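**Student:** Residue-level listing of the chains:
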Amino acid sequence: MLTLADLGVLQRVEEVDGRILVGLIPTHAGCPALGAIRADVVRALADAGFAEVEVRIDPAPAWSSDLISPVGREALRRAGISPPGPAGAQAPVPLAIGPPRLVDAHRDLVCPRCGATQVEVLSDFGPTPCLMLARCQACREPFEHLKEH
Amino acid sequence: MTDSVYTGLVDLAADPADHWAFGSDFVDPISELADMPVVLGDADPSDVAVGCLALGDDALVLAHRLSEWCSRAPDLEEDVALANVALDLLGQARLLLGRAAAADPRLVARLTADVPEDSPAPPEDRLAFFRRAEDFRNVTLVELPRGDFADVVVKVLLFSTTRLTLLESLRASPDPVLAGLAAKGGKETRYHQGFAARWFEVLALGTEESRARLNAAIEALWPRLHELTAPDEVLSRGLGVDPAAAREVVYVDLESLCARCGLEVPERVALWGPGGRRGRHTEHLSRMLAEMQSVARAHPRGVW
Chain A
1 MLTLADLGVL QRVEEVDGRI LVGLIPTHAG CPALGAIRAD VVRALADAGF AEVEVRIDPA
61 PAWSSDLISP VGREALRRAG ISPPGPAGAQ APVPLAIGPP RLVDAHRDLV CPRCGATQVE
121 VLSDFGPTPC LMLARCQACR EPFEHLKEH
Chain B
150 MTDSVYTGLV DLAADPADHW AFGSDFVDPI SELADMPVVL GDADPSDVAV GCLALGDDAL
210 VLAHRLSEWC SRAPDLEEDV ALANVALDLL GQARLLLGRA AAADPRLVAR LTADVPEDSP
270 APPEDRLAFF RRAEDFRNVT LVELPRGDFA DVVVKVLLFS TTRLTLLESL RASPDPVLAG
330 LAAKGGKETR YHQGFAARWF EVLALGTEES RARLNAAIEA LWPRLHELTA PDEVLSRGLG
390 VDPAAAREVV YVDLESLCAR CGLEVPERVA LWGPGGRRGR HTEHLSRMLA EMQSVARAHP
450 RGVW
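Sequences listed follow chains A and B, in order. Counting along the first sequence from 1, when you hit position 114 you're at 114 in the working numbering, and nothing is skipped either side. So the mapping is simple: the working numbering equals the position in the second sequence, first residue as 1, plus 149.
For reference, chain A alone in the conformation it holds in the complex:
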C-alpha cells in the first residue's frame, strides 16, 4: 500500500565499501512492528542482490507524522484511513491542561469515503499506537485516522 519511505520510517540509505547501511526510525516508542519491518528490509535487499546489509534504528530524527509523503497520504486515504493533518513544529509542550480535544486537526477531519466534514471522534486511541477512531455523520461509516504526532 505504501512504502517505508512514504511513511518517513526509512530515513537513511548509504553504501559503504560494498555494504548497504540502512537507518530506520520508530514511529512510536512502543512500536511492536520494528523487528518485522527490519526483517522485511533485509529480505527485500537480499532479493535485490545485496547480501551485505546492516539495518539500524536511528535515535534521530524523532518521527513525526509530518514525515509522511504526499504519496503516502494519498495511499492512506485510498485505503480508507484518514491521513494526519500537520503536526506542527516540536515546540515545548505547554503544561496547561487545555480544551477537551488537544489536537486542532480534529476539527478538520474529512471522511475518507464520502468526503464529508461532519465527523465525530470516537476515541483518541485505536487498534495501533498511531491510530484514532472517528465516525462520519454523513455516511455513518467509522474510519481510522492517523494521529498527528
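A portion of the hints provided could be inaccurate.
Pair by pair, the computed Cβ-Cβ distance ranges are [what the hints assert, rightly or not]:
| id | chain 1 | residue 1 | chain 2 | residue 2 | range |
| --- | --- | --- | --- | --- | --- |
| 1 | B | R295 | A | R56 | 36 to 42 Å |
| 2 | B | E382 | A | R19 | 43 to 49 Å |
| 3 | B | G451 | A | E74 | 43 to 49 Å |
It is worth saying that the hints were derived from the structure and are not from the lab. Given the structure is predicted, the values throughout are model-derived calculations rather than measurements. The beta-carbon is built from N, C-alpha and C at its ideal position, and this holds for glycine as well.
Mind docking chain B on chain A? Use the hints.
**Tutor:** For chain B alone, coordinates are given in the frame of chain A:
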C-alpha cells in the same frame, strides 16, 4: 483478489533469527537503540543509570497496572485507550531500562544477583523481571492496585501531567537516545493527559455516583502528587531533570482543572516517608512483582 493479511507473516524458510522469540538469536531493534554508547556529558554514569531506572520504573510499573485493565474497562473504547497508554509507557520503559544498563554496565549484575549466568534474558528484561521490590525506583502512585475507573483516571492524570514536565527537561540531554525518547514520549504523554483530563471532567460533571467516586479517588491519590514533584538529587545530577522545578505549575494547573469542573480544590498535602525513589514502597509493589516476575523467575533460562 487481495492479498491475505497473513501472507508473509510467517515464512518457514526464513532465518529463525527474524522471528521474535524470547531467549533466541532474535535481536530486537529497540534494544539495539538502548545499547548504543551513552553520551554522559558531565554526569556520573551511576547517576545516569539510576535516573533512567527511576523514569523507567515509573513507566514499567504503571504500564503493568494499566494492562490489568484489559477486558475490565467500562467500555470498548476505554479498554483500547488504556491498553494504548500502557503500550506507550512500556516502550518508554524498555528504552529507559536498556539505557540504564548501557550507562552503568555493572548495574544489572549488582541488582539481579539471582539470574543464572547462562540466562538469555537481555539487560532490560533482567532489570524488569529479576529485581527485588526495594531496588525499584518508581514513585508509589503507580504501584497502587487497580481501583475503579475514577482511580485510574486520576492516576493517569497526575502521572502524565508530571511526566510531561520531566520529559520536557530530558529533551536537553546530551545523549541522543534519551533526547529522542523525551521528544517522542512528550507527544504521547500529551494524548494520555488529554484522555485523563477529558474523563476527569465527564466524571465530575456526570452523576452523583460518578462525582462521589471521583472525589474518593482524589482524596486517596492526590496526596501522592507531592512525591511526583519532590526534588531528587539523582535525577538532577544524572539526567538534569528536577521534578520539583515544576511543582507550582503542576499544582496550579491541576487545581484549576478541579475548579473548572466544580470540584472542591484538594489540599496540598504530602504523605510521610522517603518514598519510592529511595526504594521504600507500599506493600502493593512486591505483590505485583510476585505475579509479574513469576514466569521469568520460574524459567530463568527459558527460550520460547
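**Student:** Against this structure, judge whether each hint is valid.
**Tutor:** Hint check:
For R295 (chain B) paired with R56 (chain A), a C-beta distance near 39 Å keeps the hint of 36 to 42 Å intact. Taking 43 to 49 Å as the suggested C-beta distance range, the pair E382 (chain B) and R19 (chain A) conforms, at roughly 45 Å. Distance hint check: the CB atoms of G451 (chain B) and E74 (chain A) are about 46 Å apart, consistent with the given range 43 to 49 Å.
In summary, the structure agrees with every hint in the numbered list given earlier.
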